[in-house]
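Chemist: If you want the building blocks of each chain, they are given just below.
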Amino acid sequence: MPDKVRFIIERQDGPNEKPYTQEFDVDYRPGLNVVAALMEIQKNPVTVDGKKVAPVTWECNCLEKVCGACMMVINGKARQACCALVDEIKQPIHLAPARTFPVIRDLLIDRSVMFESLKKIQGWVELDGSWDVKDAPIQNPYTAQTAYEISHCMTCGCCLEACPNVGPQSDFIGPAPTVQAYLFNLHPLGKFDAPKRLNALMEKGGITSCGNSQNCVEVCPKSIKLTTYLAQLNRDVNKQALRNMFNF
Amino acid sequence: MAKDMSKKKIAIVGGGISGLLATIKVCELGGEVDLFSYCPVKRSHSLCAQGGINACMDTKGEHDSIYEHFDDTVYGGDFLADQIAVKGMVEAAPKLIKMFDRMGVPFTRTPEGVLDLRNFGGQKHKRTCFAGSTTGQQILYALDEQVRRWEVKGSVNKYEFWEFIKIIKNKEGICRGLVAQNMNTMEIRAFTADTVILATGGPGQVFGRCTASTICNGSAVSAVYQQGAEIANPEFIQIHPTAIPGSDKNRLMSEACRGEGGRVWVYKDGKPWYFLEEMYPAYGNLVPRDVASRAIYKVCVHMGLGINGENRVYLDLSHIDSGYLERKLGGILEMYSEFVGQDPRKVPMEIFPSVHYSMGGIWVDRVHNTNIPGLMASGECDYQYHGANRLGANSLLSAAYSGTVSGPEAMKWAKTGNKGSDLTDAELEAARREVQNEYDKILTMNGSENAHKLHHEMGDLMYKYVAIERDNNGLDTCLVELKKLLKRWNDIGITDHSTVANQEAMFVRQLRNMILYAMAITKGARMRDESRGAHAKIVLENGKQKHDKDGELVFMGRDDEHFMKVTIVNYDPKTEEPVISYRDFDHSLIKPRARNYAVAKKE
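Protein chains in written order, with our numbering: chain A, 1 to 248; chain B, 1001 to 1603.
Any given hint could turn out to be false.
As the list claims (entries may be wrong) - No farther apart than 25 Å at their CA atoms in a straight line, the calculated lysine to aspartate or glutamate pairs in the DMTMM-like style are these:
1. 77/A / 87/A
2. 1158/B / 116/A
3. 1153/B / 13/A
If you're looking for bench data, these hints aren't it; they were derived computationally from the structure.
Next up, chain B with everything else stripped away, as it sits in the complex (with noise of 0.2 Å):
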């Protein structure tokens, strides 16, 4: 079968949720889909999504609506989000949810047959549509079945174990394709692309334990950073409340246990202390992530209120009907007995926070694209919707909604956009050659460093410094810090020299890139002089942390004159440093307010 040239050619990178669902648009739009991923897409890491994905169906008598989970995720993100961009979210989710339903996705449902909704945290509606707790693994595969359709249709070519490494820009500037290897062969290649789209997730392997699978370390975002574009409010980082803390990951445990009834507690004075529900008692243990979070951390460690003086607290689900636990949370309390070896529907399961996701990334504007023409960027990897904290069970939303935008959106750049000239053939060899170049460099590495060893220092700093609570002095320390690691990277050794395979030699490439990410998210950090959603930074006094008369460790207030705006991050080549400047964005739906979730929300 003869090619049709007239084709348009969209590359996507990334076989995630948002990532699938661009590339089913595209394929719809009669446009031809170059599919890059680390691994088979049905792999992908949105598979790890437990809890549900949150659209206002209204179908529990509470009178929910659009506007209140508009609301509901302005408010649960600090004011930071394009309130334009939310609003278009919001608004498409039930009729995603929809279109999940008719791919077979296996929600649960009522008796009636229609699809269940739960609780979640930061919204007082049952609003949250789910697939017992494996919500992400369900979407995935019905989104993987479906572009599978469109590979035996002709539409798609999977490059499964191929990694990117970079995109290549024609003489103007405008992105016209990218540089992938072959993981297993480890040829290198140049492809050319009418539009390159980045859908690669999250940065989670740049703090080492985290909830996030080991492929979701930020490396293409680093990558095209380096190339020119702009990373947004990194320093917003998710840290979740409840996650198993372990020496290889840490596991997550849904949010959806509380939003199925389970409390927080610690023993306090030999009795149950459920602290969540004391501190803020209009959202209890629905409190959002970044605020639940804190409160563990402050009772473990600033009290000591820890289980056996460690960074523990309960998580208790024992009180809750076990038949009702099974239908509702069944795959993830199979998860902690098997890693834990105690039963939860029994005891109370131990947990404490995790890095987990990344409400920053590649900034975007509302259709998605990068500030490289020809590049967008779609899903975790992007900046867009959730302002300085996520609420859960909206990035299942985010990953989908977004992959609905950026694929038409590529495919109106592809036929109509201002793609200058075509990559020629010496300047497709050229950028394969560079890459080789640098990758041949890399197999010569001889040093006394271990790549593995240098990542997971990478990971204790980032934990120290830029994780739960944040100072400028530590900020400082890290940021001094993570150069000291990029020059040891050029120390290297490798011990791996297959031509097979050669899993060393490309993490050690991956690890330059996850560096200079963590810098990018610790500058940010360091810059933002407010606290703000997950991002929360304590007053110094004198150079030391300053505490109040009851010994309480006073925080920035949010300052919405001076950093209401969006944080810029720009890579200077020169000195391999980020710049860091601030952009307005709009927020003039919803009116900036106080948050407090001690209070039932007020509009």
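Chain A extracted, bound-state conformation (with noise of 0.2 Å):
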């Protein structure tokens, strides 16, 4: 193993300033990952040039792939940095923000679509209010081992930046914001208002603009079956459109 992992960082210093990469050299140590290795960098932030630069900015807070802060794009795929290890992936390493998303700062990017997306669709359980009423309804475990696996989403965004129909030539919603829709009709009382979900994505940059080409699932962090609930969705929603016509 080399005493040195060499990376290639696409920096850029600020929402309307020109990209550009810079080179670092970081000591190798077994287990070093890639938020580990920028850390390294803010220590000694000196291009393998010499040359003292300001240190690299990314976003991250938990390190154990459960906060979908640190995702950017490493070696060409959409991941989370902190559990991208150095020995697992192919070196030299290149580092570059999500561009699907408005790029605030080096590999810092602006997610804050993903969040508004979450508005639309109404995620969220419709409560009377956090005081106690009387016993939760009893759930269907299974059904219940389902929405557990849909409600890791961390909102990282990985699916949003692999899909080919976000972007700007499309007002896609995205896999990730689409598929939490699914997870709240599940929920005993989230199912109430499981119309209001369903029409939400038959708007603009709802369901329709999912063009089913699989990447999403491909590049799921937490290996969230987006395509199946996409498909399942879709026939809600039609099922859905059908009531509206009919008005039943």
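The two chains are supplied separately, each in an independent frame; assemble them into the complex guided by the hints.
Modeler: And the structure:
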């Protein structure tokens, strides 16, 4: 194993600045991941040409692949940087921001659009209040297991970055927020508002914008069966459209 | 739409479970919330909680009772928790679980479709509700969704990627607002509020490598401490026994592993030695965290029995059916495989204790008011509920419960409190200007130190002197070294002068707060001459650590006469040092008794 790991990082000084690349060497150690390497660069922000530069900017929190913050494009693939182990990926390692989203600086991106989409699909259970009512309804344990799987979505944006239908050419809100509608429709109280969510998905940017390219399911770091749920939602939306048409 | 000016405005700093539940409560009472967070609230550190949340549901035929939960919590906390406050929390717990269930938290269920329960440390009954091994993530998401609903209704203004810098007091000394900075545009702005609630989580980053997220730096707590808020019991830092050691972070391996039957062992004389089961026959692998961590430390550091001579022991699940493991612990087993490259279903995991949680924090009364009127604290950043050691799965509970108390109380203060005079525009601008000047000064720092390297050094210091085993020599040394670090902070050089997302400059400001917090932790530990819960102090004899005739280290005992008191830390602005005093608290319900997990608990 070489004692240094080379990183080629696509940088950008601000939202409207031109991108450029810089290269850094980081000391190899077993178990090194991309976030840990970026932290080393913070301690000594010097390029391979010996130039002292500003440390690379990126977003991270948990470093355990649960918060979704550190999503970036690593060797051409959108993924979480914290669990991208240097031993398991090709070197030199190329890092770039996920340009499906506006770049703020370097690898730091603005994913607020995803949270806005969760408003559109009404991604919540309509509770009367946080007070005590009586017992919560019993739930089918198998359905609950499906809900648990979908509820792992970290809103990281990998699936939007990978989806060919998300971007300036389309108004598709993307696989992650769309599939969240399915999650709430499964809940015994949440399903009361299923028609509202399905109707929302009939609107511009909804499920008809999904081109079924299947990229999303390939990149989901939580292995959520996105295409399966997109297909089921598509069926539910069609049924809802018929209901709307015939008013039943 | 015209804004309703009569609406009460509550500023909530931190969007973890406590902050979000407080937000929901305020909205339900007709208030308006300005919600500040380092990150989209959905990415808050609460999501790292894995194993579950305690509540006496008593659905396993074990005759569990709320009293038993109460007693386990007080006993587990080595009798340093306010008992009236704990009682309120355990009584509310089952209702909170039902609320989360209605909100859509996908709890793991029994074949009948009711909530499943599992065992956890320091309790003999199945009392822990869980959603696989990602319970915190699931609860946080449900609250995030409910808050989004209130956002759509116009009751919540989110300030995500804004860093809280300090509170603003009016001329009567009452908290009436705060200053925050946008972490992307770097804009600094002053905000008014009727009440401010801090729900900013724990200070794990003070120790460098820990199980906490990078955002858990304790900086906000330190900021208000420097403005006169009291910190209580900071010396009680929980070291979690089972974490995967890492150079960037120690990743938590949930106590649920042991709850579901995991065993801890090392080789001794060529054979597996299940040392927790041998040392603590009554509780075995499910002793509380402080007890387990000390045992692992002893086996590795003092007995030299760690795996291959390193500081590691086995946490073994390989004897358990893999289908069962997948259902109960799926998420974290996947994490172990991913980061370590070995399958814990087949081979034992290698783990070591890590700094994990702070029992101490901002002093609050039972309804979460700090000593500064108008400022409240809620969640891990406060000191309530856990005493000297927190039981596993009580943190999600205290985070949630505290939010349901602080939210309504903030509204009560906003409506009926004696808030004194409103902040004038000049006062707001003066507060903003002060922060702006401090920030501008950081940008001109051109010394020779790197802030991240200093942070690393501080973490090493704290681990060396203020972790599992402490003694007064080490603590004195640590205080001297921390003072040196504080001085060296002035000699930091900034390489980033950008006006966009300048993370380095923000980190420099946080680092100073972290050093001052570290001093409070260390001084609290230095002054408490006893062992209690997570605070274990070695006896010194002729200036050296004392050993008994068998060569075992001698620890101080629990000293109820002198130290069954809350440590109170005040900041002295002249010396920048912590000043320690002690305060009585309510322990009227359960009489203190010796804590011994080798035998079954007696009441």
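Chemist: Does each hint hold? Answer for all of them.
Modeler: A quick look at each hint next to the structure:
1. 77/A / 87/A: Holds - the C-alpha atoms of residue 87/A and residue 77/A are around 16 Å apart, at most 25 Å.
2. 1158/B / 116/A: Distance of about 12 Å is within 25 Å: holds.
3. 1153/B / 13/A: violated (36 Å)
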